[in-house]
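Student: The lines below spell out each chain.
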Amino acid sequence: MGPFFAIGLPWDRGPLVVPEDTPGAIRITGSVYDGAGAPVPDSLIETWQADPAGRFADLHGYGESSEIPGFRGFARFGAEDGDGRFEIVTVKPGAVPGLAGTMQAPHIDVSVFARGMLHRCVTRIYFADEPEANGRDPVLARVPSERRATLLAEPAPDGGYMFDIHLQGPDETVFFEL
Amino acid sequence: MTTREERAIYDPVGETPTSYVREPVGAHPPLDYQPYKSTALRHPKQPLVYLPQAITEITGPQLGGLVGENDNDLLAQHDGEPIGERITVSGRVFDTEGKPLRDTLVEIWQANAAGRYRHTWDRWPAELDPNFTGAGRCVTDAVGRYHFTTVKPGPYPWGNHYNAWRPAHIHFSLLGRAFAQRLVTQMYFPGDPLFEFDPIFNSVRDPRARERMISRFSIHDSIPNWALAYEFDIYLRGPGQTPFEEAN
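Chains as they are written, first to last, in this note's numbering: chain A, 1 to 178; chain R, 179 to 426.
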């Protein structure tokens, strides 16, 4: 989508899934890297998730509405003169139903865009401190076990999480066909 | 947001599909496309993992509140009027079953009439226009229609290969109604002589899909003594098979 998306796509509160003063608000930070291990400064990420109770801020009105004031469920992070890092403010999602009576572990869907990417790449953020739920997750079960760690956000000292995205290379993040 | 009861009345045919068609191979450009050099280090080499569509994929954000007055009029965002050929760009957003998508966010960004983006990194020595930012937003109406007023962007050179020029284009971003429908694309203008030389246009391998990226000129919708009109309809993924089938 070219490097110039920053003219049109980012907005001031774009990185805020919830208002910053929301009780339990956390930061998820990370960087997007290319196949040479270099940061991708002209990248844009978008996230979509449920709230801690497993409710969405959905256009359709699927399920029950979130009770968190200002919960948008969505974040967009991209910078005009970026350095490949992103940061969103959110609440940790809860478990949500999967298909055929399964439950999915807490996760955030992520779209990655950048100059040089002709189509978005889709990945998911799971949480390293949810080993039991992750162990039962029907989507993680489809991921080769040696690659699952690329989908796990690690707890950060500030109570948030760190999640890097590698478009290519030895640590290539798992991307999904949707 | 409508309640479930309201939805049942307003939308008896079901605007809330439980899954979307899987992406057909070839509908989108390959992520590894040698003629476009920047793809080399920015495409996954491992196979993509099949993601069954469940609640996270079939829901999507409500962002209509982002849109302000004049956001769809790129001529009216500054004190003066931008230089260039005034145009309107409008069309409808459908799913692949032909069902219009209402209340969905459409965002655009573009270069000015001289082919220059208002962006720190754009070093092409064409004039910036103090009266033109080049970004617009709107939400589709009840029949899926959107409308922008702007100036026709200019072509511009880029560093991909010797004498490389991008055909004039407007970037489009659509949220659709579900995470699965998200689309970022580009709209082109009919008859552009640069099409055959542009690796980004040609990265879409299906010729019919390339045609769908080219807007149509409309004398009927052109406004006398004011602006030429271009029509551009956009198709997002429609409903797919039931999740029950997919789970097997």
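In case anyone wonders, no lab produced these hints; they're calculated from the structure.
All residues carry an ideal CB built from backbone N, CA and C; glycine is no exception.
Treat each hint with caution, since some may be false.
Covered stretches of chain R (chain A as the covering partner; in silico rule of three or more C-beta atoms under 8 Å from a C-beta of chain A) [to be verified]:
1. 276-286
2. 318-327
Residues from chain R that keep clear of chain A, each with C-beta distances beyond 12 Å, as calculated [as the list claims (entries may be wrong)]:
3. Thr194
4. Tyr211
5. Arg220
6. Thr266
Part of the chain R face toward chain A, derived, beta carbon under 10 Å [to be verified]:
7. His221
8. Ala313
9. Gly332
10. Ala342
11. Arg344
12. Ile392
Student: Using 10 Å as the Cβ threshold, decide whether R/Arg344 counts as touching chain A.
Tutor: With a closest approach of 8 Å, the R/Arg344 hint holds.
Student: Can the segment 276-286 of chain R be counted as covered by chain A under the rule of three residues or more with Cβ-Cβ separation shorter than 8 Å?
Tutor: Contact hint for the segment 276-286 of chain R vs chain A: holds, 4 residues under 8 Å.
Student: Hey, does the R/Ala342 contact hint survive, CB to chain A under 10 Å?
Tutor: Where the cut-off is 10 Å and the nearest Cβ of chain A is about 13 Å from R/Ala342, the hint is violated.
Student: Against chain A, does R/Tyr211 keep a CB gap of more than 12 Å to every residue?
Tutor: violated, 6 Å
Student: How about the segment 318-327 of chain R: do at least three of its residues have a C-beta closer than 8 Å to a C-beta of chain A?
Tutor: violated (count 0)
Student: The output says R/Thr194 does not contact chain A. Does that hold with a beta carbon cutoff of 12 Å?
Tutor: violated, 5 Å
Student: Taking 10 Å as the limit, does the beta-carbon of R/Ile392 come near enough to a beta-carbon in chain A?
Tutor: violated, 17 Å
Student: Minimum Cβ distance from R/His221 to chain A below 10 Å?
Tutor: Holds, about 6 Å.
Student: Against chain A, is R/Gly332 within 10 Å by beta-carbon distance?
Tutor: Interface hint status for R/Gly332: violated (14 Å vs cutoff 10 Å).
Student: Do the numbers back the hint for R/Ala313, that is, is its least Cβ distance to chain A under 10 Å?
Tutor: Since the shortest Cβ distance to chain A is 4 Å, the answer is holds.
Student: Quick check for students: does the CB of R/Arg220 sit more than 12 Å from each CB in chain A?
Tutor: Non-interface label on R/Arg220 violated, nearest chain A Cβ at 4 Å vs cutoff 12 Å.
Student: Does R/Thr266 clear chain A by more than 12 Å, comparing its Cβ with all Cβ atoms of that chain?
Tutor: holds, 18 Å
Taken one by one, the earlier hints fail for this structure at numbers 2, 3, 4, 5, 9, 10, 12, listed in ascending order.
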